[in-house]
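Peer 1: Residues per chain are reported as follows:
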Amino acid sequence: NAGVMQNPRHLVRRRGQEARLRCSPMKGHSHVYWYRQLPEEGLKFMVYLQKENIIDESGMPKERFSAEFPKEGPSILRIQQVVRGDSAAYFCASSQPGTGQSSGNTIYFGEGSWLTVV
Amino acid sequence: RKEVEQDPGPFNVPEGATVAFNCTYSNSASQSFFWYRQDCRKEPKLLMSVYSSGNEDGRFTAQLNRASQYISLLIRDSKLSDSATYLCAVKGGSARQLTFGSGTQLTVLP
Numbered sequence: 001n002a003g004v005m006q007n008p009r010h011l012v013r014r015r016g017q018e019a020r021l022r023c024s025p026m027k028g029h030s031h032v033y034w035y036r037q038l039p040e041e042g043l044k045f046m047v048y049l050q051k052e053n054i055i056d057e058s059g060m061p062k063e064r065f066s067a068e069f070p071k072e073g074p075s076i077l078r079i080q081q082v083v084r085g086d087s088a089a090y091f092c093a094s095s096q097p098g099t100g101q102s103s104g105n106t107i108y109f110g111e112g113s114w115l116t117v118v
Numbered sequence: 001r002k003e004v005e006q007d008p009g010p011f012n013v014p015e016g017a018t019v020a021f022n023c024t025y026s027n028s029a030s031q032s033f034f035w036y037r038q039d040c041r042k043e044p045k046l047l048m049s050v051y052s053s054g055n056e057d058g059r060f061t062a063q064l065n066r067a068s069q070y071i072s073l074l075i076r077d078s079k080l081s082d083s084a085t086y087l088c089a090v091k092g093g094s095a096r097q098l099t100f101g102s103g104t105q106l107t108v109l110p
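The listed protein sequences derive, respectively, from chains P and W.
Sequence positions in the first sequence follow my numbering and run 1 to 118.
Sequence positions in the second sequence follow my numbering and run 1 to 110.
Next up, chain W with everything else stripped away, as it sits in the complex (with noise of 0.2 angstroms):
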């Protein structure tokens, strides 16, 4: 079993939709979840850290469930320009390293 996994979509959406993806997580020591956002042969960005209870910022809500070693990542009222990959990635444990989900694909479609 992989430790950190997503499906992969890709996930085509209509603007304005809603759209939900989850990522589990295998290794039930780790402590820090985050969100990155990856363009075309671009390098990843931070988009939202995941902690506790989760967190949310403008359209974009993360959540983590310790229980089930899941988090997700919310998008509401989807832009053209959220089209990317996402990728989410946790920190077990005493590693520092992040480990990532091999990434969800979206595409907002007009």
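With the rest of the complex left out, here is chain P (with noise of 0.2 angstroms):
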């Protein structure tokens, strides 16, 4: 049961340092979501891609951060120069293509990246 898979689990990052979370979206899924969640707070939505294509990436924040989707491969989430603010747990999640009260309403999550920087 291959779910959505997110590597590395943990990263340790120092100030200045460039990290990047990967994200294997589950079999069939061409969607891919990235959120973040920072220490006590909520999920918030950064980027949704689909294959070589960012469809939104409002929740982005507009320096230092950038996402892509290539055909072949895995999803990236690359954060350059990490401050100690970026430390959160960066999930990913994905969906089939469909819409409306079809299967590609649900979004399933991968069990995250625990980034943290020093």
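Don't read these hints as lab results, they were simulated from the structure.
Where is the CB? At the ideal position from N, CA and C, for every residue including glycine.
Accuracy of the hints is not assured; some may be wrong.
[As the list claims (entries may be wrong)] Calculated pairs, SDA-like style, for lysine to any residue (alpha carbon to alpha carbon, straight line, at most 20 angstroms): (1) W/2 x P/59; (2) W/42 x P/26; (3) W/42 x P/3; (4) W/91 x P/37; (5) W/42 x P/24; (6) W/2 x P/58; (7) P/27 x P/97; (8) W/91 x W/66; (9) P/44 x W/30; (10) P/44 x W/8; (11) W/45 x P/96; (12) W/45 x P/28; (13) W/42 x P/5; (14) P/71 x P/26; (15) P/44 x W/102; (16) P/44 x W/5.
[What the hints assert, rightly or not] For each label pair, taking beta carbons as the anchor points, the in silico distance ranges come out as: (17) P/64 x W/58: 37 to 47 angstroms; (18) W/67 x P/58: 24 to 34 angstroms; (19) P/54 x W/29: 18 to 28 angstroms; (20) W/27 x P/55: 23 to 33 angstroms; (21) W/41 x P/61: 22 to 32 angstroms; (22) P/40 x W/29: 27 to 37 angstroms; (23) P/80 x W/109: 40 to 50 angstroms; (24) P/52 x W/74: 35 to 45 angstroms; (25) W/12 x P/20: 33 to 43 angstroms; (26) P/53 x W/41: 27 to 37 angstroms.
Assemble the dimeric complex from its two separately framed chains, guided by the hints.
Peer 2: Now the structure itself:
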């Protein structure tokens, strides 16, 4: 039962380094979402991607953050020049194509990548 | 005003109690509604989808009130294992992504 796979599960970076988080969606899913959860806060939407396309990046910080979902391989969330405030859990989720009250409505989450910036 | 609002709690209830959570949303064009459960340092897991007039799954009942723009989750005969944070999520209008409330923390006490 291959769910949404994220790696690394835990990542420690020093201030100024780069963090790369990877996400492989569930089999058959072509839509990927990234969310961030700061300590003691709710899930905040960052970006929604389909293969080779960024569909909605309205939740992405304007600087240092980027995301991609190439034709081959996992989706990657990249954080450049990390700062302590980037310490959070980053969750990837995926869904099937489809709209309305179809299976494409349901979004499934990976186990998360926990970034700590020291 | 936040798009999706929940009472953060905490709700501390004894085993066997019935507990209800509410969640309000601001976008009247929202079409899809969900309840997720999140354990400490774990990912959110889908608990229930809420469509039209709501639905029931065992001890859990979800209701949707479009006129007042809120959804509710009722847990009957609560178990210790129900202790978690319950997140409501709304998919608004044409957007595919979910907007989450900040979650309601539930602790079921022995």
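Peer 1: Look at each hint and say if it fits the structure.
Peer 2: Hints versus structure:
For a cut-off of 20 angstroms, the pair hint linking residue 2 of chain W to residue 59 of chain P stands: about 15 angstroms separates their Cα positions. Straight-line distance between C-alpha atoms of residue 42 of chain W and residue 26 of chain P comes to about 18 angstroms, which keeps the hinted pair within the 20 angstroms bound. For a cut-off of 20 angstroms, the pair hint linking residue 42 of chain W to residue 3 of chain P stands: about 14 angstroms separates their Cα positions. The suggested pairing of residue 91 of chain W with residue 37 of chain P holds, with an alpha-carbon distance near 18 angstroms, which does not exceed 20 angstroms.
Between residue 42 of chain W and residue 24 of chain P the CA atoms are separated by roughly 18 angstroms; this keeps the pair inside 20 angstroms, and the hint holds. Between residue 2 of chain W and residue 58 of chain P the CA atoms are separated by roughly 16 angstroms; this keeps the pair inside 20 angstroms, and the hint holds. With a CA separation close to 12 angstroms, the supplied pair residue 27 of chain P and residue 97 of chain P stays within the 20 angstroms bound. Proposed proximity of residue 91 of chain W and residue 66 of chain W is supported: the alpha carbons are some 14 angstroms apart, at most 20 angstroms.
Under the criterion of a C-alpha separation no larger than 20 angstroms, the hint pairing residue 44 of chain P with residue 30 of chain W is consistent with the structure, at around 17 angstroms. Only pairs whose Cα atoms come within 20 angstroms are accepted, and residue 44 of chain P paired with residue 8 of chain W is accepted, the gap being roughly 16 angstroms. For the hint linking residue 45 of chain W to residue 96 of chain P, the alpha-carbon distance of about 17 angstroms falls within 20 angstroms, and the restraint holds. A C-alpha spacing of about 19 angstroms is found between residue 45 of chain W and residue 28 of chain P, which places the hinted pair at or below 20 angstroms, so the restraint holds.
For a cut-off of 20 angstroms, the pair hint linking residue 42 of chain W to residue 5 of chain P stands: about 14 angstroms separates their Cα positions. Of the pairs offered as hints, the one joining residue 71 of chain P and residue 26 of chain P holds, with about 15 angstroms between alpha carbons and a cut-off of 20 angstroms not exceeded. Annotation: proposed proximity of residue 44 of chain P to residue 102 of chain W holds, straight-line Cα distance about 9 angstroms (limit 20 angstroms). As the CA atoms of residue 44 of chain P and residue 5 of chain W are separated by approximately 13 angstroms, the hinted pair is consistent with the 20 angstroms bound.
At about 45 angstroms, the CB distance of residue 64 of chain P to residue 58 of chain W agrees with the hint of 37 to 47 angstroms. Range check, residue 67 of chain W to residue 58 of chain P: Cβ separation about 28 angstroms, and the 24 to 34 angstroms hint holds. The supplied range of 18 to 28 angstroms is met by residue 54 of chain P and residue 29 of chain W, whose beta-carbon atoms lie about 23 angstroms from each other. For the pair residue 27 of chain W and residue 55 of chain P, the beta carbons lie near 18 angstroms from each other, so the given range of 23 to 33 angstroms is not met.
About 23 angstroms separates the C-beta atoms of residue 41 of chain W and residue 61 of chain P, a value consistent with the hinted range of 22 to 32 angstroms. Remark: the range hint 27 to 37 angstroms for residue 40 of chain P to residue 29 of chain W is upheld by a beta-carbon distance near 30 angstroms. In this structure the hint that residue 80 of chain P and residue 109 of chain W lie 40 to 50 angstroms apart at CB holds, the actual value being about 46 angstroms. At roughly 43 angstroms, the beta carbons of residue 52 of chain P and residue 74 of chain W sit within the given window of 35 to 45 angstroms.
A hinted range of 33 to 43 angstroms holds for the C-beta pair residue 12 of chain W and residue 20 of chain P, which are about 41 angstroms apart. Our hint of 27 to 37 angstroms for residue 53 of chain P and residue 41 of chain W holds, since their Cβ atoms are close to 32 angstroms apart.
Going down the numbered hints, you'll see the structure goes against just number 20.
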